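Bring the two chains, given one by one in their own frames, into a single complex with the hints.
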Amino acid sequence: GQQLNQSPQSMFIQEGEDVSMNCTSSSIFNTWLWYKQDPGEGPVLLIALYKAGELTSNGRLTAQFGITRKDSFLNISASIPSDVGIYFCAGYNTNAGKSTFGDGTTLTVKP
Amino acid sequence: GAGVSQSPRYKVAKRGQDVALRCDPISGHVSLFWYQQALGQGPEFLTYFQNEAQLDKSGLPSDRFFAERPEGSVSTLKIQRTQQEDSAVYLCASSLDGRATYEQYFGPGTRLTVT
Chain A
1 GQQLNQSPQS
11 MFIQEGEDVS
21 MNCTSSSIFN
31 TWLWYKQDPG
41 EGPVLLIALY
51 KAGELTSNGR
61 LTAQFGITRK
71 DSFLNISASI
81 PSDVGIYFCA
91 GYNTNAGKST
101 FGDGTTLTVK
111 P
Chain B
1 GAGVSQSPRY
11 KVAKRGQDVA
21 LRCDPISGHV
31 SLFWYQQALG
41 QGPEFLTYFQ
51 NEAQLDKSGL
61 PSDRFFAERP
71 EGSVSTLKIQ
81 RTQQEDSAVY
91 LCASSLDGRA
101 TYEQYFGPGT
111 RLTVT
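Taken in order, these protein sequences are the chains called A and B. Under this note's numbering, the first sequence is numbered contiguously, ending at residue 111. Under this note's numbering, the second sequence is numbered contiguously, ending at residue 115.
The shape of chain B in the complex, shown without the other chains (with noise of 0.2 Å):
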């Protein structure tokens, strides 16, 4: 089917190495938002693209977070010097109409462990 996908769906990183995290959103999808879930717990919001406009990045836990969107379709969530609590599922997500972003449908996720 034509959902969303993410990839790698896992990666393993050694402490301090950098890691850049693939989304397709579904074809024509206008918003596309990143989510890191921690083991046990529930999405928590990153950042949020409406095209290739970074509209809100509040929940970028500190500047080595850094996503884009250059073509308003495929994004990437890059860590840099990635730390032991970066390790999480990091979920994308993408909705069709920007006024109604709360029917989001979510990719996979990709797993990401720091050693």
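Chain A extracted, bound-state conformation (with noise of 0.2 Å):
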């Protein structure tokens, strides 16, 4: 089935430090999603991304979906103790009317 990569696994930042995290598939998607999953809850959409080269900005978050429509990255700008979760990414197709999710980058922040 389709599988997506994202990395890194893992991430420990200072606050106010940026944060750039990515996804790749093997397959094609017509939209990327990026959501947030804190402690004991679903996760939360932040971002959806509906066209090839498409930059959106939600905040201090910034998501852009690549050209060939495999892959698509997530930025954070001065990040603060808050954005602490595991973020998700998600690929969705209409045709199969279902997202294929990554899974996870952890995000830690220390003050």
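You may find that some hints are simply not true.
List time: in silico EDC-like cross-link candidates among lysine to aspartate or glutamate, alpha-carbon distance up to 20 Å [what the hints assert, rightly or not]: (1) B:LYS57 <-> B:GLU71; (2) A:LYS70 <-> A:ASP83; (3) B:LYS14 <-> B:GLU103; (4) A:LYS110 <-> A:ASP83; (5) A:LYS51 <-> B:GLU103; (6) B:LYS11 <-> A:GLU41.
Just a sample of chain A residues kept apart from chain B, beta carbon distances all over 12 Å, derived [to be verified]: (7) GLN14; (8) GLU15; (9) ASN22; (10) LEU45; (11) GLY66; (12) ARG69.
Simulated from the structure, these hints should not be mistaken for lab results. Remember, predicted model here, so these are calculated numbers, not experimental data. The beta carbon of each residue, even a glycine, is placed where N, CA and C say it ideally should be.
Listed below in structure tokens is the structure:
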């Protein structure tokens, strides 16, 4: 089936630093999604990307949909302690009607 | 708030027992999804409903897993004769519009531990 490779698996950074994580796939998706999951909670959608090359921001978060439609990255600028959590990428295809998730990047922010 | 709720939040079952996990989606949401999330991994799709119709059950790992949404709102995921490999968090998600099913709102999940 479709597989998403998400990296890095974990990151330990100082408050105020910028963060970058990415996701690659062997298959093409027509929508890329980035979620954040806090302990004991379900994932929350952060950003959705709809076309190749698209660059979208949501506050301190910026994500891009790769030109090949097989990859995406997420940047977080000026990290703060509440950014701690697990970030998941997901690819979605309309004809399949379901999302395929990566295995997540665990972010730890040291004050 | 009126988010997706799931119950129970935690369930411990002895191997071989049957379990039923409940999902209350956001009122008026057409689509409902079940996912299985193993420790340290991302959610994996199990099944999808549009109203009461189960349109995709390709992710259900075996015939021990069964899901229903008889009135198009509340859904139940049932696992028969539980095995240790069934231990995971089971997430439910709903979305308003069946055509934009990527805009999913997740519940907090039910953590199932099979001993």
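Against the structure, the hints:
Between the alpha carbons of B:LYS57 and B:GLU71 the distance comes to roughly 18 Å, so the proposed pair stays at or under 20 Å and holds. For the given pair, A:LYS70 sits about 26 Å from A:ASP83 by alpha-carbon distance, which is inconsistent with the 20 Å threshold. With a CA separation close to 36 Å, the supplied pair B:LYS14 and B:GLU103 exceeds the 20 Å bound. Taken as a hint, the A:LYS110 and A:ASP83 pair is honoured in the structure, with Cα atoms around 10 Å apart against an allowance of 20 Å.
The straight-line distance between the Cα atoms of A:LYS51 and B:GLU103 is roughly 16 Å, inside the 20 Å bound, and the hint therefore holds. This hinted pair checks out: B:LYS11 and A:GLU41 have alpha carbons roughly 16 Å apart, not beyond 20 Å. With a cut of 12 Å on Cβ distances, A:GLN14 stays outside the contact zone with chain B, its closest approach being about 25 Å. Distance check on A:GLU15: its Cβ is at least 25 Å (rounded) from any Cβ of chain B, clearing the 12 Å threshold; non-interface status holds.
In this structure A:ASN22 is separated from chain B by more than 12 Å, as the shortest Cβ-Cβ distance comes to about 15 Å. Against the 12 Å criterion, A:LEU45 falls within the reach of chain B, whose nearest CB is about 7 Å from its own CB. Separation of A:GLY66 from chain B is adequate, the least Cβ-Cβ distance of about 17 Å exceeding the 12 Å criterion. Its beta-carbon lying about 15 Å from the closest one in chain B, A:ARG69 satisfies the requirement of being farther than 12 Å from that chain.
Of the numbered hints listed earlier, those contradicted by the structure are 2, 3 and 10.
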